[in-house]
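A.B. asks: Spelled out from the first residue to the last, the chains are:
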Amino acid sequence: ETGVTQSPTHLIKTRGQQVTLRCSSQSGHNTVSWYQQALGQGPQFIFQYYREEENGRGNFPPRFSGLQFPNYSSELNVNALELDDSALYLCASSRGRAGNIQYFGAGTRLSVL
Amino acid sequence: DAKTTQPPSMDCAEGRAANLPCNHSTISGNEYVYWYRQIHSQGPQYIIHGLKNNETNEMASLIITEDRKSSTLILPHATLRDTAVYYCIVRANNAGNMLTFGGGTRLMVKP
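Chains W and C, in that order, give the protein sequences. Start counting the first sequence at -16; every next residue gets the next number (this note's numbering). Start counting the second sequence at 216; every next residue gets the next number (this note's numbering).
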């Protein structure tokens, strides 16, 4: 157990809808990163939040956005869902902005129909 | 971050050592080698990391060649629960916490 919890575990949405995924980081960690993992592939970095500010972003469109709260928990929001957004969404927490071990949650499985 | 190359799959007999290779021939001097694994339907799990010296912890050993162009993750006594996809990642520790995952090695531990 990493102490990183994600909710919900599974979610089904239809194309065009919006979705919010949530992540509680491990105690003492102030950085949260989000990854998307399509079936059969490795996780792809979406973005990282450090002390409530975005601190690095991967190659994802602006309809992927996030928030980090004062307690360092985080949300990932995806607008205008597309079929290709169907994936496992992983949250990872770490201590500090760079150079630290990331601890992952179990993920949220999103299916877009 | 430097690119890594891993075999797509490997088998190992239960109780034997599993040796998982990784090639990172373009690694820079400030880049560390990290290993994570992902058991089916779970999030990736940190195993070990190192810069140039060999490292050992309760899960595994990491052997890095002297030129740092390749490394080997060793699970000394593989069990069925070690069946997973193993990812070798190189990352500079001043470049954020982002991890760049490749395809990994699917390790199958067989009875």
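It is possible that part of the hints are untrue.
Negatives, chain C to chain W, calculated, CB over 12 Å [as the list claims (entries may be wrong)]:
id : residue
1  : G230
2  : P236
3  : T241
4  : I278
5  : E281
A few chain C residues facing chain W, derived, Cβ under 8 Å [as the list claims (entries may be wrong)]:
id : residue
6  : S224
7  : C227
8  : H255
9  : G265
10 : F316
DEER-style ranges, computed between Cβ atoms [as the list claims (entries may be wrong)]:
id : chain 1 : residue 1 : chain 2 : residue 2 : range
11 : W       : G41       : C       : N238      : 21 to 31 Å
12 : W       : G41       : C       : M225      : 42 to 52 Å
13 : W       : P44       : C       : T220      : 26 to 36 Å
14 : W       : R(-2)     : C       : P326      : 30 to 40 Å
15 : C       : P223      : W       : G41       : 19 to 29 Å
16 : C       : L295      : W       : T(-12)    : 19 to 29 Å
17 : W       : R(-2)     : C       : S256      : 23 to 33 Å
18 : W       : L96       : C       : S256      : 34 to 44 Å
19 : W       : P45       : C       : P326      : 23 to 33 Å
20 : C       : L295      : W       : P(-9)     : 24 to 34 Å
21 : W       : P(-9)     : C       : A232      : 22 to 32 Å
22 : C       : G230      : W       : E35       : 43 to 53 Å
Read the hints as simulated data drawn from the structure, not as lab findings. Even for Gly, the Cβ is constructed at its ideal location relative to N, Cα and C.
A.B. asks: Run every hint past the structure and note whether it holds.
C.D. replies: These are the hints, each one checked on the structure:
| no. | hint | verdict |
| --- | --- | --- |
| 1 | G230 | 26 Å, holds |
| 2 | P236 | 17 Å, holds |
| 3 | T241 | 19 Å, holds |
| 4 | I278 | 20 Å, holds |
| 5 | E281 | 24 Å, holds |
| 6 | S224 | 13 Å, violated |
| 7 | C227 | 21 Å, violated |
| 8 | H255 | 11 Å, violated |
| 9 | G265 | 12 Å, violated |
| 10 | F316 | 3 Å, holds |
| 11 | G41/W / N238/C: 21 to 31 Å | 24 Å, holds |
| 12 | G41/W / M225/C: 42 to 52 Å | 29 Å, violated |
| 13 | P44/W / T220/C: 26 to 36 Å | 30 Å, holds |
| 14 | R(-2)/W / P326/C: 30 to 40 Å | 44 Å, violated |
| 15 | P223/C / G41/W: 19 to 29 Å | 24 Å, holds |
| 16 | L295/C / T(-12)/W: 19 to 29 Å | 27 Å, holds |
| 17 | R(-2)/W / S256/C: 23 to 33 Å | 25 Å, holds |
| 18 | L96/W / S256/C: 34 to 44 Å | 21 Å, violated |
| 19 | P45/W / P326/C: 23 to 33 Å | 50 Å, violated |
| 20 | L295/C / P(-9)/W: 24 to 34 Å | 30 Å, holds |
| 21 | P(-9)/W / A232/C: 22 to 32 Å | 40 Å, violated |
| 22 | G230/C / E35/W: 43 to 53 Å | 48 Å, holds |
Hint compliance for this structure: hints 6, 7, 8, 9, 12, 14, 18, 19 and 21 are broken, all remaining hints hold.
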